[in-house]
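Enquirer: Chain by chain, the residues:
There are 2 protein chains.
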Amino acid sequence: MKIAILGYGNIGRAAEQAINAAPDMELVGVFHHNDCLDCLQADAVLICTPTREVQKFAAILASRGICTVDSFDIHGQIWNLRSALNAVCQANKSVSIISAGWDPGTDSMVRALLMAMAPKGLTYTNFGPGRSMGHTVAAKAIQGVKNALSMTIPLGTGIHRRMVYIELEDGADFKTVEAAILADDYFAHDETHVIPVDSIDALNNVAHGVNLVRSGVSGETHNQRFEFNMEINNPALTGQVMVSCARAAVRMRERGEFGAKTMIELRPIDLLPGATEQLVKALV
Amino acid sequence: MKIAILGYGNIGRAAEQAINAAPDMELVGVFHHNDCLDCLQADAVLICTPTREVQKFAAILASRGICTVDSFDIHGQIWNLRSALNAVCQANKSVSIISAGWDPGTDSMVRALLMAMAPKGLTYTNFGPGRSMGHTVAAKAIQGVKNALSMTIPLGTGIHRRMVYIELEDGADFKTVEAAILADDYFAHDETHVIPVDSIDALNNVAHGVNLVRSGVSGETHNQRFEFNMEINNPALTGQVMVSCARAAVRMRERGEFGAKTMIELRPIDLLPGATEQLVKALV
Chain S
1 MKIAILGYGN IGRAAEQAIN AAPDMELVGV FHHNDCLDCL QADAVLICTP
51 TREVQKFAAI LASRGICTVD SFDIHGQIWN LRSALNAVCQ ANKSVSIISA
101 GWDPGTDSMV RALLMAMAPK GLTYTNFGPG RSMGHTVAAK AIQGVKNALS
151 MTIPLGTGIH RRMVYIELED GADFKTVEAA ILADDYFAHD ETHVIPVDSI
201 DALNNVAHGV NLVRSGVSGE THNQRFEFNM EINNPALTGQ VMVSCARAAV
251 RMRERGEFGA KTMIELRPID LLPGATEQLV KALV
Chain P
285 MKIAILGYGN IGRAAEQAIN AAPDMELVGV FHHNDCLDCL QADAVLICTP
335 TREVQKFAAI LASRGICTVD SFDIHGQIWN LRSALNAVCQ ANKSVSIISA
385 GWDPGTDSMV RALLMAMAPK GLTYTNFGPG RSMGHTVAAK AIQGVKNALS
435 MTIPLGTGIH RRMVYIELED GADFKTVEAA ILADDYFAHD ETHVIPVDSI
485 DALNNVAHGV NLVRSGVSGE THNQRFEFNM EINNPALTGQ VMVSCARAAV
535 RMRERGEFGA KTMIELRPID LLPGATEQLV KALV
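If you're matching them up, the sequences are chains S and P in order.
Take the first sequence: its letter number 11 is residue 11 in my numbering, and every next letter is one higher.
Take the second sequence: its letter number 176 is residue 460 in my numbering, and every next letter is one higher.
Calculated from the structure, these hints are not laboratory results.
All residues carry an ideal CB built from backbone N, CA and C; glycine is no exception.
Any given hint could turn out to be false.
[To be verified] Chain S regions said to be covered by chain P (calculated; three or more residues, Cβ under 8 Å):
1) 45-57
2) 124-133
3) 216-222
[Said to hold, decoys possible] Restricting the straight-line Cα-Cα distance to at most 16 Å, the calculated cross-link-like pairs of lysine to aspartate or glutamate (EDC-like) are:
4) P:Lys424 with P:Glu462
5) S:Lys281 with P:Asp357
6) S:Lys146 with S:Glu178
7) P:Lys565 with S:Asp73
8) S:Lys281 with P:Glu504
9) S:Lys140 with S:Glu167
10) S:Lys140 with S:Glu169
11) P:Lys565 with S:Asp103
12) S:Lys93 with S:Asp43
13) S:Lys140 with S:Glu178
14) P:Lys404 with S:Glu167
15) P:Lys377 with P:Glu515
16) S:Lys93 with S:Glu220
17) S:Lys146 with S:Asp185
18) P:Lys430 with P:Glu462
19) S:Lys140 with S:Asp184
20) S:Lys120 with P:Asp308
21) S:Lys2 with S:Asp170
Using the sequences plus the hints, can you model the full thing?
Expert: Here is the structure:
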């Protein structure tokens with residue numbers, strides 16, 4: 001399979017490594033935002049741009065019959081993205097796999113599986129410890145903040161603490177900045193601690209994780225307990241999941257299963273290299 | 285969907301409860317082994333017989349265009365069962381989902397997903413604490429044993445201890461029986477402890493569990509860590525998973541995707557009741 005990468009930040013670099021490690025893939029190019037038409041030689045393109053640029057590039061590529069994979073991560077807008085791309089894919093015989101990361105992505109598959117195992121009950125997804133991009137950007141936007149890092153700390157039952165580390169601008173007053181952060185809508189609803197530091201760069205770490213728990217009911221039997229944990233390098237996992245999804249996309253296009261899909265709509269076996277017999281014997 | 289149950293032991297009873305709890309299913313009958321042709325009014329039949337009888341009944345039903353689900357659990361023979369039933373299903377436009385329980389079954393899906401997330405590395409599946417059917421039957425077959433229970437205790441890295449509780453026949457010598465159990469091929473390769481008790485019935489408990497761990501490599505990034513844990517009622521979970529797979533089988537038959545499949549070949553979304561839009565919004 002010929003795979004291209006569009007966008008070359010943390011995720012694009014990690015995806016490049018995952019493609020090079022895949023036995024059935026060839027990297028045919030790493031492209032920047034303005035030369036996306038050069039991706040035409042690829043079976044699939046990994047869209048590693050910022051989330052808000054995903055739809056534009058995916059639609060262009062899908063309209064040319066090229067498979068795409070993105071890690072679009074705004075949960076409330078995923079269905080709209082799927083609807084828009086699904087029409088383009090079906091009209092042009094392509095496959096777009098959207099929101100292909102770990103959450104949304106593989107966590108979504110685990111949540112679906114746990115629902116199938118115990119249909120009634122509660123699932124809690126506890127994130128971290130790890131950096132929240134959205135909260136970090138929000139903290140950086142506060143007046144007097146030179147640089148920031150917002151860590152997400154899981155407290156259980158889907159409740160999170162925000163640990164906000166900040167480098168102050170020269171002359172900025174810590175108490176004023178702290179009050180502005182605590183009043184911001186991103187932080188006002190969670191337990192938040194603001195901590196001044198000399199260097200945000202010295203704290204840089206792409207580790208992240210999840211603790212996903214469900215207690216539910218199978219048939220009439222209560223107290224069925226499930227737990228899924230990860231401690232991972234965030235861009236490395238996201239890039240790897242996107243590469244595995246590119247494999248699924250190309251296979252689905254070969255079978256004529258056109259359209260835009262989320263990961264809960266994929267067969268796990270399609271994510272893996274190798275023949276069905278070998279994979280069934282090794283994994284089932 | 286009209287669902288029937290063939291075989292009415294622990295699993296059949298649990299499946300009945302799961303069908304009754306499903307919003308989109310109707311139980312159209314519970315049948316015994318000799319009247320399986322009466323299942324013809326069903327969209328799908330759950331084959332809850334002993335594992336060695338699965339293939340015969342699945343082939344009869346699939347040849348009549350009826351979907352089947354089984355929890356065939358002899359790992360080394362799963363590919364042969366799939367091959368035999370796949371031909372019958374494709375010739376008769378039916379779908380058979382095989383080895384649909386938790387291991388093989390949902391654990392298989394988790395193992396596949398972890399391979400897609402970190403392709404290089406080791407996965408360990410640690411079973412229990414819980415009763416091993418195979419080891420219990422082997423212990424019961426030893427001369428001097430009136431009744432037995434073999435518990436599987438996980439020691440990590442896929443190594444297990446066997447705790448074998450036995451009720452002795454009148455006049456049997458414990459040391460002789462213990463030596464025979466320890467020499468049996470089922471027990472000779474694991475740490476095994478034999479414990480005499482007054483009543484096996486007093487120990488009866490269908491609790492089981494798994495601890496599935498992987499440390500692997502995403503792209504070029506090592507030390508990616510994953511863990512999946514369950515503590516569950518064994519027949520209740522197996523019955524529920526079979527019912528969820530019946531839903532997937534009927535949907536696949538409607539789409540013309542005929543054949544025999546293991547769970548790693550299913551889309552998680554097909555296991556769940558409801559429309560795609562609702563499920564994507566709730567789970568992704």
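Enquirer: So, for every hint listed, does it hold in this structure?
Expert: Going through the hints against the structure:
1. 45-57: Three-residue rule not met by the region 45-57 of chain S, so violated; n is 0.
2. 124-133: violated (count 0)
3. 216-222: holds (count 5)
4. P:Lys424 with P:Glu462: The hint holds at about 12 Å.
5. S:Lys281 with P:Asp357: holds, 13 Å
6. S:Lys146 with S:Glu178: holds, 13 Å
7. P:Lys565 with S:Asp73: holds, 13 Å
8. S:Lys281 with P:Glu504: Not OK: lysine 281 (chain S) and glutamate 504 (chain P) at ~27 Å, beyond 16 Å, violated.
9. S:Lys140 with S:Glu167: Cα-Cα ~9 Å, so holds.
10. S:Lys140 with S:Glu169: Holds, at about 11 Å.
11. P:Lys565 with S:Asp103: Given pair lysine 565 (chain P), aspartate 103 (chain S) holds - Cα atoms ~13 Å apart, limit 16 Å.
12. S:Lys93 with S:Asp43: With Cα atoms ~12 Å apart, lysine 93 (chain S) and aspartate 43 (chain S) stay inside 16 Å; holds.
13. S:Lys140 with S:Glu178: Satisfied, since the Cα-Cα distance of roughly 12 Å is no more than 16 Å.
14. P:Lys404 with S:Glu167: violated, 39 Å
15. P:Lys377 with P:Glu515: Not satisfied, since the Cα-Cα distance of roughly 38 Å exceeds 16 Å.
16. S:Lys93 with S:Glu220: violated, 44 Å
17. S:Lys146 with S:Asp185: Since the Cα atoms of lysine 146 (chain S) and aspartate 185 (chain S) sit roughly 20 Å apart, the hinted pair is violated (cutoff 16 Å).
18. P:Lys430 with P:Glu462: Holds. Lysine 430 (chain P) to glutamate 462 (chain P) sits at ~13 Å (cutoff 16 Å).
19. S:Lys140 with S:Asp184: holds, 12 Å
20. S:Lys120 with P:Asp308: holds, 15 Å
21. S:Lys2 with S:Asp170: This hinted pair is violated, its Cα atoms lying about 50 Å apart.
In the structure shown, a violation is registered for the earlier hints numbered 1, 2, 8, 14, 15, 16, 17, 21, in ascending order.
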